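Turn these sequences into a full structure, and let the hints steer you where they fit.
Top line first, the protein sequences correspond to chains H and R. Residue numbers for the first sequence follow the numbering used here, beginning at 1084 and rising by one. Residue numbers for the second sequence follow the numbering used here, beginning at 10 and rising by one.
Keep in mind that the hints are not guaranteed to be accurate.
Partial list, derived from the structure: chain R residues whose beta carbon lies under 10 Å from chain H [claimed, not checked]: (1) Trp31; (2) Leu35; (3) Arg74; (4) Val114; (5) Gly161; (6) Thr172; (7) Met180; (8) Ala181; (9) Ser183; (10) Leu187; (11) Ile191; (12) Ser468; (13) Trp470.
Going by beta-carbon spacing under 10 Å, a handful of chain R positions derived as facing chain H [unchecked claim]: (14) Val147; (15) Phe148; (16) Ile177; (17) Leu184.
It is worth saying that the hints were derived from the structure and are not from the lab. Predicted model only: the values in this text are computed from it and were never measured. Cβ atoms here follow ideal geometry from the backbone N, Cα and C, with glycine treated the same way.
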Amino acid sequence: MILALATPPIDWLALAAPLTLLAAGGANLLVAVLVPHGDRRVVAAWIAVLGFAGALVAAAVLFDRSPDGHGVIADAIQRDRLGALTSMIVAGSGILAIGTSYREPMSDDHIAEYYALLAWAGAGMAFLSTASTLLTLFLGLEWFSISLYILCAIDRELVGSLEAGLKYLIVGSFGAAMLLFGSALVYGATGQLELHRIAQAVEQQGLSHDALLVAGLALMIGGLGFKASAAPFHMWTPDVYEGAPTPVTAFMSAATKAVALVLMLRVLVTAFPQEARLWTVGVAVLACASLAVGNLAALVQRNLKRMLAYSSISHAGFMLIAISANNALGGRALLYYLIPYCAMSVGSFAVVAARERELNRPVDLDGLAGFGWERPLLGISMAAFMLGFAGFPLTGGFVGKFYVFSAAYDSGWTWLVIVGVAATAVSLYYYLGVIRAMFMRPSEELQLAPVAGGSPAPERALQTAVAAALVVTVGSFFAVQPLIDGARHAASALPF
Amino acid sequence: MDPGWLTTALILLPVAGALAVWILPLRPFAVGSTAMLVALAEVALWIDAAARFDFQQPGLQLAQRQSWFSDLHVSYHVGFYGFSIWLVGMTVVVLAAAIGYAVWVGRERPRAYYGLMLLLTGAIVGVFVAQDLLLFYVFWEAMLVPLYFLVGVWGGPGRLRATLLFVIYTMAGSLLMLASIIVLGLSQGTFDLVDSGTNGSDWIFLGFVAAFAVKAPIFPLHAWLPEAYRESSPEVAAVLSGVVSKVAAFGFLRIAIAKFPGPTSDFRTVILVLAACGLVYGSLLAFRAPDLRGVIAYSSLAQLGLITLGLFAVNDLGLNGAVLQMVNHGLISATLFLLAGAIERRAATGELGALGGMARGRPALATVLMTTGVIALAVPGSAAFAGEFAILAGVFRTGWGYAVVGAVAIVLAAMYMLRLISAVLHREPGPAVTEAALDLRAAELTVIVPLVALLLGLSAWPAAITERSFASAPTIPNKGSVIATTEAGQLQMLLKELAQKAGRK
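Encoded structure:
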């Protein structure tokens, strides 16, 4: 007997971004076996860049052609501008991360697999950003997470890499389990998988005080909080960020956070509008916790990657403020914030990677002494990223914070604005500390051991990536209008 | 008719200059001269703007407006009022002098240095002309970044601590201001300073006041001041005390007083008392300070207290006097810091105890320092006298006690200025002063003499500013009645009132 499956019509454009990245990853697996050892690095990197660039273009086309969001492929995924914009952010971060990866001192043995996994992680994120049922949500989450678990542990010669991978695997699986359990409870309560049907079911059956539903909601927030590294689900972040190869950290810190936060926004707004009074408070509490933990812990870090990890926790807090605002302005604020944030995040880790390769050891604040004068492009860029993180004008970080605070005030959370402002004030200390180390302390004072054979030649790929990140960081300050229009179109896909 | 591009050009010219200095592969000497040329071109541009400005026509002039992000009604909106013309003029002149001084002295890493100085110029001009709250904040913060580098990289041995204090203090204030801006802008539905009306919220007002009070600084928020002024290079200290502190006073005038009539009158007493405290306390500390920079730094604290007194008198006399005194003090303080730099270069110390007897054989130094010092201590007939007199006359109408405190402080000012002059110029030559210490060189004179000349000019004609500041001005609610603005007229009014008071008793 032939099993006749009714296949739903497939909207290829809606799937184009993840499919392009999947193809790039597949091609890279072929590179791993077919291309001679010496050429693998360059070929694999180019294929990955082309994959991410293709995904960027595909997502841009999708953004242009999806003014009205609607479910496609049996409502498994949502074709809308929110997903498209998120995919564009992920693809952009991916390209920058590849520029950072290119000269990473990793053995050539698994270099093609490295780029394949990077492309697949991107594919999973692009897919996840369009997820509109609990199943595709979990599928996308695990898809990119598994790629990232391996990426964290891929450099077996790097001390701590394996440990980072294992830690991320265990803690990340716990987060994923929470999400799955939460999804199961929500499904149990409502009998629905599609996000918007969950909302309808809650509405029709009057489930808004249902214990199963509320517990499921809380678990889902927690599960996504793990991926966004929001406190108190952040414990893995500093260790994994520190241990993983720096380019992987760069990609994770930007793209994972972007996707997790956008998903949290999508799920909460689409599926749980009736529970808004609960989850806005919950998310606001997470935001405050993240701001407190991230900023206070970052104050005492000497290792730069750990400091940036805590900084990323605190930025999760800022972006959660936007989610907790639960209004269109908040959605816009989150999506706008992500653009400069991702650029600054990848850019700053790229600079750390460059310094690591110069010193051949982990970079701490002392290790940056004099760096700004030795490498003006990287130094100025790093200074711009730090100022952007701290929310200084002439960077998109300032406009992002301004929007986030405006959204919080607009929804009546004036105290959240105060918390955010206080957190920003604290954060100045460690962000400016990096600038101080780079520009205000001469390197002779600290007697940095020169690497044998002098400094390595400047890396063009990495410098291009850093310069591009700088352009986005500063450009997003001046070109607010087009970006915020894009963010508004994307956020209008959600039922605010 | 209204060439608003001039205002934008005043902001963009130094920024473009900074980018040129950073990007073009110039030689170290060429870098300094390029920066100097840009700074002079900026002065020329300002002269053009001032010439086109109609001081008797009310309202914003030379304005330009362009939407920046429309959903929250934030725009790039710049323009001049009467008083901002004078403050911008003072800014570009002091910055040009500071850059000129740096060119003469020579600074390490010239490209970074001059680029940052030019960027600072653009940012400060931006604060004075911004007519949108968010734009104001942007320039306000943009000002801090070059200052952070200028003090932190080119400063003295204690620069790291000084910059840390400076930045933490100012940012704590600024962020409160950001919160206030967000709340004010969203509640008004626009961030535009011209379109928006007044507001009665005490909390929003205090957010703004916090930022301005730290930056000015107002007693007791001045802990960052002595270290920042001592550790930075002389020309940066000149800019800090001469110009950057005026930005805060401008903020009081443009935002705190003009937009918050209710809270201004609620908190007026507190602010006036704090300003009076700062005035006396600063003067006393200046009298006790052991070094040149200390005297000038604390005198700056005192002068800002005086300016704040004038502003929060909220009447024509006080406001006119405050604006005049802002320009005066900007020029005086910059001149004194540059002179202090010149003296420190010769004696390798600024300790007053180690200096002395520098007048002998150094006529130029003696003349310039003496002239500036005498103007600074508000000798009758000097520009500072006109300013201080108008301020005291203005604040007298609010409460005679403030005027008495102010008058006492002017006596103290005479004491510390004369102490400084005699410690440097007179007495026996101190241990740090050798025969080899030369008189002011021609280059130094070229930088400093124009500042002194401007002060002498203002002394001759203070009404240039007092009569041309508030015809074109934002509406200042609750402002006291208009009275004569000439010195003779002020004196008459004052005497009449005194007579009335005496008569009532």
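Going through the hints against the structure:
1. Annotation: R/Trp31 was flagged as interfacial toward chain H, and the flag holds, the nearest CB pair being 9 Å apart, inside 10 Å.
2. The closest approach between the C-beta of R/Leu35 and any C-beta of chain H is roughly 15 Å, which is over the 10 Å cut-off, so the hint fails.
3. Taking 10 Å as the C-beta cut-off, the interface hint given for R/Arg74 is violated, the closest approach to chain H being about 15 Å.
4. The criterion of a C-beta within 10 Å of any C-beta in chain H is not met by R/Val114, whose closest approach is roughly 20 Å, and the hint is violated.
5. With its C-beta approaching chain H no nearer than about 5 Å, R/Gly161 sits inside the 10 Å limit, and its interface hint holds.
6. Hint status for R/Thr172 relative to chain H: holds, with the closest Cβ pair at about 8 Å, below 10 Å.
7. Taking 10 Å as the C-beta cut-off, the interface hint given for R/Met180 holds, the closest approach to chain H being about 5 Å.
8. Here the hint on R/Ala181 is kept, as its CB sits about 5 Å from the closest CB of chain H, short of 10 Å.
9. Using the Cβ-Cβ criterion of 10 Å, the hint placing R/Ser183 at the interface with chain H is satisfied: the shortest such distance is roughly 9 Å.
10. The beta carbon of R/Leu187 is positioned within 10 Å of a beta carbon in chain H (closest approach about 6 Å), and the interface hint is therefore held.
11. Hint status for R/Ile191 relative to chain H: holds, with the closest Cβ pair at about 5 Å, below 10 Å.
12. A cut of 10 Å between beta carbons decides the hint on R/Ser468: the least distance to chain H is about 39 Å, and the hint is violated.
13. Restraint check, R/Trp470 versus chain H: the minimum CB separation of about 38 Å is more than 10 Å; hint violated.
14. Annotation: R/Val147 was flagged as interfacial toward chain H, and the flag holds, the nearest CB pair being 4 Å apart, inside 10 Å.
15. Interface hint status for R/Phe148: upheld, as the beta-carbon distance to the closest one in chain H is roughly 8 Å, under 10 Å.
16. The criterion of a C-beta within 10 Å of any C-beta in chain H is met by R/Ile177, whose closest approach is roughly 7 Å, and the hint holds.
17. The beta carbon of R/Leu184 comes within 5 Å of a beta carbon in chain H, closer than 10 Å, and the hint placing it at the interface holds.
When each numbered hint is compared with the structure, violations occur for hints 2, 3, 4, 12 and 13.
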